[in-house]
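*Asks:* If you use UniProt numbering, the sequence shown corresponds to residues 1 to 363, in order.
Calculated from the structure, these hints are not laboratory results. Don't take every hint at face value.
Stated by the list, open to error - Heads up, simulated DSSO-like pairs for lysine-lysine below, C-alpha to C-alpha not over 27 Å straight-line: (1) Lys327 - Lys307; (2) Lys185 - Lys208; (3) Lys185 - Lys271; (4) Lys289 - Lys345; (5) Lys282 - Lys271; (6) Lys239 - Lys185; (7) Lys81 - Lys2; (8) Lys185 - Lys345; (9) Lys195 - Lys345; (10) Lys195 - Lys327; (11) Lys271 - Lys327; (12) Lys239 - Lys127; (13) Lys285 - Lys271; (14) Lys345 - Lys285; (15) Lys239 - Lys203; (16) Lys327 - Lys282; (17) Lys6 - Lys127; (18) Lys185 - Lys195; (19) Lys195 - Lys239; (20) Lys2 - Lys79; (21) Lys327 - Lys50; (22) Lys185 - Lys81; (23) Lys271 - Lys50; (24) Lys6 - Lys50; (25) Lys185 - Lys282; (26) Lys79 - Lys6; (27) Lys6 - Lys81; (28) Lys208 - Lys227; (29) Lys2 - Lys127; (30) Lys307 - Lys271; (31) Lys345 - Lys282; (32) Lys345 - Lys327; (33) Lys239 - Lys327.
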Amino acid sequence: MKFISKFFWLFVGVLFIFSGLIKLNDPVGTAIKLEEYFEVFATDIAPFFKSFEPYALFLSIFLSASEIVLGVALLVRFKLKVVLWLLLIMIVFFTFLTFYSAFYNKVTDCGCFGDAIVLTPWESFTKDIVLLVMIVVLIATRRYLEPFVSPASGAIITIITAALSVAVGWYAYEHLPYLDFRSYKIGNNIPELMKPSAPLRYKYVMVKDGEEEEFEEYPMDTTYTFKEMVAINPEDGPKITDFNVWNDESDFTQEVLTGTKLLILVQSVEKADQQSFESINKLVKAAEKAGITPLAVTSSSTQDFEKFRHEVNLAVPYYFGDGTVLKTIMRSNPGLVLLQDGTVKGKWHYNDTPELEEVQELL
Numbered sequence: 001m002k003f004i005s006k007f008f009w010l011f012v013g014v015l016f017i018f019s020g021l022i023k024l025n026d027p028v029g030t031a032i033k034l035e036e037y038f039e040v041f042a043t044d045i046a047p048f049f050k051s052f053e054p055y056a057l058f059l060s061i062f063l064s065a066s067e068i069v070l071g072v073a074l075l076v077r078f079k080l081k082v083v084l085w086l087l088l089i090m091i092v093f094f095t096f097l098t099f100y101s102a103f104y105n106k107v108t109d110c111g112c113f114g115d116a117i118v119l120t121p122w123e124s125f126t127k128d129i130v131l132l133v134m135i136v137v138l139i140a141t142r143r144y145l146e147p148f149v150s151p152a153s154g155a156i157i158t159i160i161t162a163a164l165s166v167a168v169g170w171y172a173y174e175h176l177p178y179l180d181f182r183s184y185k186i187g188n189n190i191p192e193l194m195k196p197s198a199p200l201r202y203k204y205v206m207v208k209d210g211e212e213e214e215f216e217e218y219p220m221d222t223t224y225t226f227k228e229m230v231a232i233n234p235e236d237g238p239k240i241t242d243f244n245v246w247n248d249e250s251d252f253t254q255e256v257l258t259g260t261k262l263l264i265l266v267q268s269v270e271k272a273d274q275q276s277f278e279s280i281n282k283l284v285k286a287a288e289k290a291g292i293t294p295l296a297v298t299s300s301s302t303q304d305f306e307k308f309r310h311e312v313n314l315a316v317p318y319y320f321g322d323g324t325v326l327k328t329i330m331r332s333n334p335g336l337v338l339l340q341d342g343t344v345k346g347k348w349h350y351n352d353t354p355e356l357e358e359v360q361e362l363l
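Given the sequences, and given the hints that come with them, work out the whole structure.
*Replies:* The following block contains the structure:
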């Protein structure tokens with residue numbers, strides 16, 4: 001039992017630190033996931049959950065940093081009893097979220113490990129159940145985990161960990177994720193990712209006498225009733241399925257993916273940082289002279305964006321894109337993306353708007 005206890009101690013501690021770091025790598029993405037939960041709970045459970053949405057970013061950094069702090073405190077065995085009970089409370093909370101997602105099929109990706117490791121709802125729930133059992137065992141067997149740092153050293157390590165964790169998360173928010181695990185990361189070619197990597201194969205789910213059967217070829221027996229068609233190799237499907245750019249007249253997707261384009265992504269004009277357009281407009285003018293085509297893409301309405309672009313003096317053509325896709329591409333509002341024939345050459349937070357020379361070096 002002593003060996004099991006120490007294995008669980010190491011496994012739980014490392015996993016919580018890893019999970020927290022992955023989330024802090026992209027605190028905006030974690031906040032978006034929390035907003036999804038709040039919206040679902042506001043609809044299904046109680047309307048007051050909607051009031052948590054403005055605090056999603058704070059909760060994103062706080063919860064992610066807490067995972068790291070508790071993981072480190074567990075590994076150094078500081079305040080072990082308190083830490084284990086806090087871990088139990090946290091994992092019970094996460095288990096509820098993942099069970100709700102899985103059972104009601106509401107949030108199809110819990111965001112447990114950000115975009116680095118995408119788990120299905122039932123995989124997430126299973127993971128949390130395993131962690132729940134491990135933490136319960138640790139609480140029951142903590143006598144085998146003797147402290148090996150002094151209380152003062154443990155306190156110092158915990159405080160430093162908390163400060164560093166918050167700083168790491170806040171820096172990622174003020175700039176961009178340290179590591180980009182999304183399909184729109186630098187170096188990826190969007191048109192290629194919009195194609196399947198191999199021909200998709202399907203199986204047919206048929207029903208006969210109340211029982212389901214699966215066929216790789218559609219059965220000729222007319223006594224079967226068709227239920228659904230399921231992909232056998234969905235992992236070979238397109239990695240990007242929802243990238244579209246349009247205006248009031250036509251689709252503009254192919255034009256965006258051709259030539260050298262500097263995209264100014266404005267997810268919503270209500271939350272966009274207006275002061276950043278002083279440097280963005282300077283870059284736009286320089287890019288036009290250098291043969292780089294600047295254009296804006298927004299999910300706001302024509303009326304709202306017309307008013308906005310005059311307020312910030314943004315003199316570029318603008319088009320529309322899905323709000324969720326724009327959030328996936330860019331974690332800042334506004335943000336800049338450099339495309340060359342559909343390949344992502346550069347991405348910048350509005351706090352890091354580059355000079356023309358930096359843009360040209362990437363082409």
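*Asks:* If a hint holds in the structure, say so; if it does not, say that too.
*Replies:* A quick look at each hint next to the structure:
1. Lys327 - Lys307: holds (22 Å)
2. Lys185 - Lys208: violated (47 Å)
3. Lys185 - Lys271: holds (23 Å)
4. Lys289 - Lys345: holds (19 Å)
5. Lys282 - Lys271: holds (21 Å)
6. Lys239 - Lys185: holds (12 Å)
7. Lys81 - Lys2: holds (17 Å)
8. Lys185 - Lys345: Between Lys185 and Lys345 the Cα gap is close to 9 Å, so the pair holds against 27 Å.
9. Lys195 - Lys345: Holds, at roughly 20 Å.
10. Lys195 - Lys327: Within the cut-off at roughly 22 Å; holds.
11. Lys271 - Lys327: Holds, at about 12 Å.
12. Lys239 - Lys127: With Cα atoms ~25 Å apart, Lys239 and Lys127 stay inside 27 Å; holds.
13. Lys285 - Lys271: Cα-Cα ~24 Å, so holds.
14. Lys345 - Lys285: With Cα atoms ~19 Å apart, Lys345 and Lys285 stay inside 27 Å; holds.
15. Lys239 - Lys203: holds (21 Å)
16. Lys327 - Lys282: Holds, because 24 Å separates the two Cα atoms, which is no more than 27 Å.
17. Lys6 - Lys127: Judged against 27 Å, a Cα distance of about 19 Å means the pair holds.
18. Lys185 - Lys195: holds (17 Å)
19. Lys195 - Lys239: holds (8 Å)
20. Lys2 - Lys79: OK: Lys2 and Lys79 at ~19 Å, within 27 Å.
21. Lys327 - Lys50: Holds. Lys327 to Lys50 sits at ~20 Å (cutoff 27 Å).
22. Lys185 - Lys81: Violated, at about 42 Å.
23. Lys271 - Lys50: Answer holds: Lys271 to Lys50 is near 18 Å, not above 27 Å.
24. Lys6 - Lys50: Violated: Lys6 and Lys50 sit about 41 Å apart, past 27 Å.
25. Lys185 - Lys282: Holds. Lys185 to Lys282 sits at ~25 Å (cutoff 27 Å).
26. Lys79 - Lys6: holds (16 Å)
27. Lys6 - Lys81: holds (15 Å)
28. Lys208 - Lys227: Satisfied, since the Cα-Cα distance of roughly 10 Å is no more than 27 Å.
29. Lys2 - Lys127: holds (23 Å)
30. Lys307 - Lys271: Judged against 27 Å, a Cα distance of about 14 Å means the pair holds.
31. Lys345 - Lys282: holds (20 Å)
32. Lys345 - Lys327: holds (18 Å)
33. Lys239 - Lys327: holds (16 Å)
Of the hints listed earlier, those the structure fails to meet are numbers 2, 22, 24, in rising order.
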